[in-house]
Every structure is written in structure tokens, then in C-alpha cells.
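Assemble the whole structure, with the sequences as input and the hints as a guide.
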Amino acid sequence: MKSSKLRMVLQSRSTWAWPYALFLVCLVLLPLILIGVYAFTDPEGHFTIQNFVSFFTKSEAINTFIYSIAIALITTIICLLLGYPAAYIMALAEFKTPQVMAMLFILPMWINFLLRTIATVELFHMFGLPLGEGALLFGMVYDFLPFMIYPIYNTLQKMDMNLIEAAHDLGANRMQVFTKVTLPLSLSGIYSGIVMVFMPTVSTFAIAELLTHNKVTLFGSLIQRSFGEGGIGMWNYGAALSLIMLIIIGLTSFFGGDKEDINR
Amino acid sequence: MLENYKKSKIEKRGLGERIIAHAYLWLLLVVLYAPILLIIIFSFTKSKVFGNWEGFTLGLYQNLFTGYDVATNVQVDPNLYRAIFFTVIIALIAAVISTILGTLAAIGIYYMHPRGRKALTFLNSIPMINPDILTGISLFLLFVFLGISRGFGTVVAAHVVFCTPYVVLSVLPRLSKMDPNIYEAALDLGATPFQALRKVMMPELWPGMISGFILSLTLSIDDFGVTFFTKGSNGLETLSTFIYADARKGGLTPELRPLFSLIFLTILILLIIMNIRTHKQQNKTT
Numbered sequence: 001m002k003s004s005k006l007r008m009v010l011q012s013r014s015t016w017a018w019p020y021a022l023f024l025v026c027l028v029l030l031p032l033i034l035i036g037v038y039a040f041t042d043p044e045g046h047f048t049i050q051n052f053v054s055f056f057t058k059s060e061a062i063n064t065f066i067y068s069i070a071i072a073l074i075t076t077i078i079c080l081l082l083g084y085p086a087a088y089i090m091a092l093a094e095f096k097t098p099q100v101m102a103m104l105f106i107l108p109m110w111i112n113f114l115l116r117t118i119a120t121v122e123l124f125h126m127f128g129l130p131l132g133e134g135a136l137l138f139g140m141v142y143d144f145l146p147f148m149i150y151p152i153y154n155t156l157q158k159m160d161m162n163l164i165e166a167a168h169d170l171g172a173n174r175m176q177v178f179t180k181v182t183l184p185l186s187l188s189g190i191y192s193g194i195v196m197v198f199m200p201t202v203s204t205f206a207i208a209e210l211l212t213h214n215k216v217t218l219f220g221s222l223i224q225r226s227f228g229e230g231g232i233g234m235w236n237y238g239a240a241l242s243l244i245m246l247i248i249i250g251l252t253s254f255f256g257g258d259k260e261d262i263n264r
Numbered sequence: 001m002l003e004n005y006k007k008s009k010i011e012k013r014g015l016g017e018r019i020i021a022h023a024y025l026w027l028l029l030v031v032l033y034a035p036i037l038l039i040i041i042f043s044f045t046k047s048k049v050f051g052n053w054e055g056f057t058l059g060l061y062q063n064l065f066t067g068y069d070v071a072t073n074v075q076v077d078p079n080l081y082r083a084i085f086f087t088v089i090i091a092l093i094a095a096v097i098s099t100i101l102g103t104l105a106a107i108g109i110y111y112m113h114p115r116g117r118k119a120l121t122f123l124n125s126i127p128m129i130n131p132d133i134l135t136g137i138s139l140f141l142l143f144v145f146l147g148i149s150r151g152f153g154t155v156v157a158a159h160v161v162f163c164t165p166y167v168v169l170s171v172l173p174r175l176s177k178m179d180p181n182i183y184e185a186a187l188d189l190g191a192t193p194f195q196a197l198r199k200v201m202m203p204e205l206w207p208g209m210i211s212g213f214i215l216s217l218t219l220s221i222d223d224f225g226v227t228f229f230t231k232g233s234n235g236l237e238t239l240s241t242f243i244y245a246d247a248r249k250g251g252l253t254p255e256l257r258p259l260f261s262l263i264f265l266t267i268l269i270l271l272i273i274m275n276i277r278t279h280k281q282q283n284k285t286t
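Protein chains in written order, with our numbering: chain G, 1 to 264; chain X, 1 to 286.
These are calculated hints, taken from the structure and not from any lab test.
Hints are not guaranteed to be accurate.
DSS-like, lysine-lysine: derived pairs with alpha carbons at most 30 Å apart [as the list claims (entries may be wrong)]:
1. Lys280(X) with Lys177(X)
2. Lys48(X) with Lys249(X)
3. Lys158(G) with Lys48(X)
4. Lys48(X) with Lys118(X)
5. Lys158(G) with Lys118(X)
6. Lys180(G) with Lys158(G)
7. Lys58(G) with Lys215(G)
8. Lys249(X) with Lys215(G)
9. Lys215(G) with Lys48(X)
10. Lys177(X) with Lys158(G)
11. Lys199(X) with Lys118(X)
12. Lys177(X) with Lys199(X)
Here's what the structure looks like:
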């Protein structure tokens, strides 16, 4: 009786996911809950909202936060403006091997991004350009542009060409074809591109320090510092900052994912 | 049909427009590759400072492989080799665990009750959406909370966290292509579930598992953020954290230049080979 029950459990293959389910609960869900727990406690473990109060009252923290969002938004916009035409040309223009072109845009990502960032700094040195906001934006766009190009390229490539042809036949000019047909059909690619660029840029640390020689601090670096050099007392504050970032990431992916679904 | 249409559309475009379009792509590529080119160029000079040209030499390549500078008899930073070693070992172990865990999970998810499937798919997507810093910090807090000292084991566990979701996603499509009856047939013919998995399902899922494994390797090797928060302070470094520590000290170990030039070259050659292969296969089918 017992062994037949065991056999049934083993035969229903849904049980094969149980180890992973347990793993996810312990190493994904529980850690995220811990961020919340640490954010609302003091080092002694008592409930407090002091961590959030100090974030909203410290002008350094709140300014860094707003600045980081602005930098991430600007980076995302530049990536979109540079990346869309590139994806468009690759997907719709005549290339004997569009895959090779797409590959060429992804290949740099195989070199360690920190080393690439350092090389970018060298490039700025060589041309005698100052390291500052300009270098930061250049470096961020440089690092994340492939994340914008690839999803847009993918959706454009899957697009039904007959629709464009039909629009042409029905008398639309090229501008109209683009704004009424191509652009709306590539929106899902644009959304995932925006999410894929915005999320890493808003949360990045390390890159900013390297690109500006510590002249600019981003929100990610602020979080990193409260866990690194801050000592144990700063962990709760760092957790509060992490929770704020988690909310931003959650909102971004929620709205990004949502619109993508509507589009399908 | 499509090809012909594309061509006719291109013919409608002016030559000037085409030149601008191509020039734009190549310009982007030049900018994208400029820093990498710089790394490769300066791997052929021996200057300690990246960006100073002190004449052509293969000295750094020699240093990288022999472990010390023949001219000055100074040792190359031994931490570099340890970092390379740990990067590779961690990536291999994490990728193997992720592939096994993720494949079993994909099979389980596929045959699950819709509600359970939805919940697990959602949980599975969290590590993919979460940025490195949040994955890293949340795991850091977990290890601190449970009193687990951070080191090799915690880094591997952390890498399994962000690699496995990609394995699940690359195996799932193979499952929907598979004939659902062959597993049951194998059981009816007397195979144990394990035998049925190994002899019947595995051959079908293999391509998905391979791509999941390779993706895991690359993600693990490339990771910086998660490793940074889970490696502890016992001197464990991967290449990423080694480079970061090096850059913060001000000087970059010169041997990193030939190392990454070689890595880049290897991947370039691998991609070219893969491309030629798929081309040949395409030609066969048409």
C-alpha cells in the first residue's frame, strides 16, 4: 500500500519540481523577505521606521536617488534613440547575414564589463576628455546598448512583411507606414528594451566609480557602501535603501510586462 | 517570397539612404569595439600603466603563461591565477547544479497543476528580473541571518540562484515539442522513472539542457554584483572581483590585457565556426 503510494508520487512528474521549489523559497523568497525585515528594524532587532526617515531627510541620499533615476532615464532614452535605428536597419535592410550583424553587437558583452569600462576610461584619457557626467553616460550607454538593440531587432524581424506591403499598396507614404504600422508592431520590443536597460542602469554600482574616478555616486553605490564600509549598524539602513530599489524594479517590470501582454 | 519582397523594397530606397544606413551601423560597431581594440593593442606592450605605449613586445603573453617576468624576474600577481581558477571552477559547478536542478524543475513545472505552474513560474522569474545588487544583498542578509560564513559554497549557491531560471526556460520549450506518451510507454514497459528519464526524456531535452548549461557558464563567469556580496572576506576572488579590487587600488595588473585578448579571440573563433556550421546546415536543407 505504502509503496504503491510512493510509486504514484514518483510517477506524477510534477513532484520533480519540488527540490527547485524548496530552493526558490529558501534562496529567493526568504532573502527578499529578509530585506524587508532588516529595513524595518534597528540593529537590536526592534521595529523602527527610522531607516526610511533618515533616507527621506538626508539630502545626500534623496539627491543621489533622484540623480540616479535621472541618469538611468537619460541612458535609456539615448539607448532607444541609438538602438532603434540600428535594430531597424539590421532587421529590414538587405544584409546577406543579419544574424552575423546581430552577433557583432552582442560579442563585446563577452569581455568582462568591468574591464571594458576601464578601457572606456582609457579611451577618454587618450582623447583628453574629462571624466565626469559625460563619461558616465557614455559608459552606461556603451555597456547597455546591446540590451536595447536585441529585443527590438527580434520583434522587427518576426514582423509580417505583408503588413508593410499592404500599407504601401493602400497608399500610405513611408512616414505613415513607419508611424502606423512598423512602430506600433515593434512596441513590445521597445518595452522590453526599456526594461532591460533601465533596470540594470538604475541599480548599477561599481561602473560609476570607475568611470568618474569616484566623482559621481549613484544610488547603487550608496547601497553598496552601507553594506561594505558602513559596519553592522548601517545594514538596516542599506536594507531600507534596497527595499526602495526593489519597489522601483517591481514597478518597472510590472508596467513593462503589462504593456507587453496587451500588445500580444 | 519574403526575400524577393525585401529586395524590391530595398530597391525603392535610394543609394544614398542605404549608404547612410550602413555607415550608421558600422559607426556604432566601431565605437562599441574601440575599447576592446584598445585592450588588444595594449596587450602587445609591456607598460604597467594601461594606455602607455612602450614598444611592441609579446612579453605580457609570456608573463601570463610562465607566471613571472623573465626580464625583471618579478612574479605575476599569484592572485590573478587563483581568480582565474575560481572563476572557472565556480562556473562549472554552478552550471552543472543549475542544469540538473533546472531540468528536473522544468519537467515538474510542465506537468504541474496550472495554479502551481503559475506560482513556480513567477518565483522562477524573480532572479531574472532582480538586479545583481538586490540578489547579492538579499543573499548576503540570508547568510548573515543564518550565521553561514561566506565563501566558496555561498558563491556557488548564489550563482545557482541566478543561473537555474535560464535553464528552466531553455528546457521548457523542448518539453512542449516532446511526445507526452513516450514516458508513460517506457513506464508501462517496465522502466523505472529514473530509467525513463535517462533513456527516453533526456535525449529529447538534451539541446535545451546544453544551451541552458552554456548560458549558465557565461552568466556565472560574467557575474560581478552577486559574487561581490556573497564571497566574504577570506580572500576568495573571481576575475570580476579581482579586476574591481585592482582598479580601485589604481593599477590594473598588466597581464589582464593579454588574458582578455585571448578570451575574446577564442570566443570570436568559436562564433565563426558555429556560424559556418549553421550556414552549411541551412544550405543542406534548402
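Checklist entry - Where does the structure disagree with the numbered hints, that is, which hint numbers, in rising order? => result 3, 4
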